[in-house]
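Colleague: The lines below spell out each chain.
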Amino acid sequence: MVENATDETHPEVESDHNSLIRKFHHLLHQTPALVPLIVLSVSILVFGLLLGPKFFSPFALTLILQQVQIVGIVGAAQTLVILTAGIDLSVGAIMVFSSVIMGQFTFRYGLPPAIAVACGLLCGSLIGYINGWLVAKMKLPPFIVTLGMWQIALAANFLYSANETIRSQEIAAEAPLLQLFGYKFNIGGAVFTVGVIFMVFLVLFLAYVLRHTAWGRHVYAVGDDREAAALSGVNVNFTLISVYTIAGLICAFAGWALIGRIGSVSPTSGQLANIESITAVVIGGISLFGGRGSILGMFFGALIVGVFSLGLRLMGADAQWTYLMIGMLIIIAVALDQWIRKVAS
Amino acid sequence: MEPILEARGLVKRFGRVTALDNCDFELYPGEILGVIGDNGAGKSTLIKSLSGAEIPDEGEVLLEGETVNFSSPIDARKAGIETVYQTLAMSPALAIADNMFMGREIRKKGLIGQLFRKLDHAKMQKIAHQKLTDLGIMTIQNINQAVETLSGGQRQGVAVARAAAFGSKVIIMDEPTAALGVKESRRVLDLILDVKSRGIPIILISHNMPHVFEVSDRIHIHRLGRRLCVIKPDDFSMSDAVAFMTGAKKPPSEFVGTA
Chain A
-5 MVENATDETH PEVESDHNSL IRKFHHLLHQ TPALVPLIVL SVSILVFGLL LGPKFFSPFA
55 LTLILQQVQI VGIVGAAQTL VILTAGIDLS VGAIMVFSSV IMGQFTFRYG LPPAIAVACG
115 LLCGSLIGYI NGWLVAKMKL PPFIVTLGMW QIALAANFLY SANETIRSQE IAAEAPLLQL
175 FGYKFNIGGA VFTVGVIFMV FLVLFLAYVL RHTAWGRHVY AVGDDREAAA LSGVNVNFTL
235 ISVYTIAGLI CAFAGWALIG RIGSVSPTSG QLANIESITA VVIGGISLFG GRGSILGMFF
295 GALIVGVFSL GLRLMGADAQ WTYLMIGMLI IIAVALDQWI RKVAS
Chain B
21 MEPILEARGL VKRFGRVTAL DNCDFELYPG EILGVIGDNG AGKSTLIKSL SGAEIPDEGE
81 VLLEGETVNF SSPIDARKAG IETVYQTLAM SPALAIADNM FMGREIRKKG LIGQLFRKLD
141 HAKMQKIAHQ KLTDLGIMTI QNINQAVETL SGGQRQGVAV ARAAAFGSKV IIMDEPTAAL
201 GVKESRRVLD LILDVKSRGI PIILISHNMP HVFEVSDRIH IHRLGRRLCV IKPDDFSMSD
261 AVAFMTGAKK PPSEFVGTA
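Chain order of the listed sequences is A and B. Read in order, the letters of the first sequence correspond to residues -5 to 339 in our numbering. Read in order, the letters of the second sequence correspond to residues 21 to 279 in our numbering.
Hints may be right or wrong, so weigh each one.
What the hints assert, rightly or not - According to the in silico footprint, chain B covers these stretches of chain A (three or more CB under 8 Å from chain B): (1) 52 to 58; (2) 262 to 274.
As the list claims (entries may be wrong) - Below are the DSBU-like pairs computed for lysine-lysine, each with C-alpha atoms no more than 30 Å apart in a straight line: (3) A/Lys17 to B/Lys146; (4) B/Lys189 to A/Lys133; (5) A/Lys336 to B/Lys216; (6) B/Lys252 to B/Lys269; (7) B/Lys203 to A/Lys336; (8) A/Lys131 to B/Lys151.
Source of the hints: derived by calculation from the structure; they are not laboratory data. As the structure is a computational prediction, the values presented were derived from the model and not from experiment. Virtual Cβ for every residue (Gly too), placed ideally from N, Cα, C.
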């Protein structure tokens, strides 16, 4: 009886304003990539209005894509891991180490570039596999495992490469395959690179896999509630290990793309990739607690960062303004995530 | 009549604690068997041994007269034993259909399913909808809504529907009414009777004596790691059952040990 009474009085108390918020809440719950998409559209529009054709040109807009390609690719790997309620701090280190292996195997041992690339991809996957094994089988916290792996991979990278950079001209002359992802083509002023195309296809492919395959649903289920997933018949260990391994592989691809982006193979590059990828994921509305969010959100998140950096640079603002804005976006995104996770009863 | 699910002489030790001490168990076709016992009596361990979540140190479990060795809940599920856990084992952020088919998804037919591993969302949603309607719990408007947007009773309903949809031989329910209000408990009890009327035997573990006495055909009373007795709810009162359970009273000898 008491239950009934409160049920009936509830709608009267609730104003139109409230029900609108509730609808919005429900919408966000269903489509978590919506907020970053709106923020992205608005920021493109605002910078377009402020800067005119300088910003709102095919060249400038595709330049943003080129600038975010590495973060976008690494962010895809980070998305998979964060969806399982983990975090991967070693993504940047895996990326750089893989690129160094691709370069050094070609130039130090004289291996054919294709073999060297394959070795780099294998190495990235292997590091990812070790991360996954430690997280799944040893039940160690992902933060600690990948914090350790970050240091290990980075140190291995410096020790193995002897801090030596392979110059762009050398690579272009002897092993152009390594720079494949930097290959540019022009469509009516819009400049695309193989790396950009790869990033877009990778994101679309993973979006498909996460939504439409059993493995993808298992990634969400494991991140949402690991125990529940195990009891309902999901092979949790396999899911976790495969996620970290694939994340490692994607990071190795990012390493290959990194050679294309900067031209050279440099063991000191890409140091911020882990933080930048986590930023893209968080701004993209993916929950750090796992199980919620979409990889398209991460892509929009990466683009938002790209739009702000280029827009503010074109306006002649101090680069610190970009970081300030991004910092604010991160906090707003996390606050929004908390709100979305609070289920309307 | 042969028991459909049987356990003989189960022993399970955790360090120096003996959770199961030479425990027997029988479930007959078509019945609801209540399992009651004080906290720490070893009910959960018994149930986990039957559902594959624990592996007993000694003794054997027989399904339809044949010895089975489950090493995980997945094994037990494959053999047709479904468990509705107290925690429900559902992913709150995922949709009802996703949860019902978790771990046994249906892929599309043909190349798109084989090569691209594409799931048949439409088919799964249809079956999920059908199962919920069968059990009369289609107060849920949208099969695609996240489980966390459902009420406690609705969630329980989805979990029971999942078990009923796939549990071909036995359904185990662990405290299905513990988290529910009066009205919602009522619905879940009706649901349990409905599942029984479909011919699937049910093991009902509960602390709620009125619920156990209402729906059970027989009641297995567990005490100190083994079966103390099996009673019929008509023969004894609830307070008798509680007295047996806590050791305050000894059950008449003809009920001890066997059914």
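Colleague: Determine for every hint whether it applies to the structure shown.
Modeller: Hints and how they fare:
Three residues within the 8 Å Cβ limit are the bar, and the segment 52 to 58 of chain A against chain B gives 0, so the coverage statement is violated. Residues of the segment 262 to 274 of chain A lying with their CB closer than 8 Å to a CB of chain B number 0, which falls below the three-residue condition for coverage. The suggested pairing of A/Lys17 with B/Lys146 holds, with an alpha-carbon distance near 26 Å, which does not exceed 30 Å. Between B/Lys189 and A/Lys133 the CA atoms are separated by roughly 34 Å; this puts the pair beyond 30 Å, and the hint is violated.
Using a Cα cut-off of 30 Å, the hinted pair A/Lys336 and B/Lys216 is violated, with the two alpha carbons roughly 37 Å apart. With a C-alpha separation of about 17 Å, the suggested pairing of B/Lys252 with B/Lys269 holds against the 30 Å cut-off. Annotation: proposed proximity of B/Lys203 to A/Lys336 holds, straight-line Cα distance about 25 Å (limit 30 Å). In summary, the hint linking A/Lys131 to B/Lys151 is not supported, as the alpha carbons are separated by about 36 Å, beyond the 30 Å threshold.
Consistency with the previously given hints fails for numbers 1, 2, 4, 5, 8, ordered from lowest to highest.
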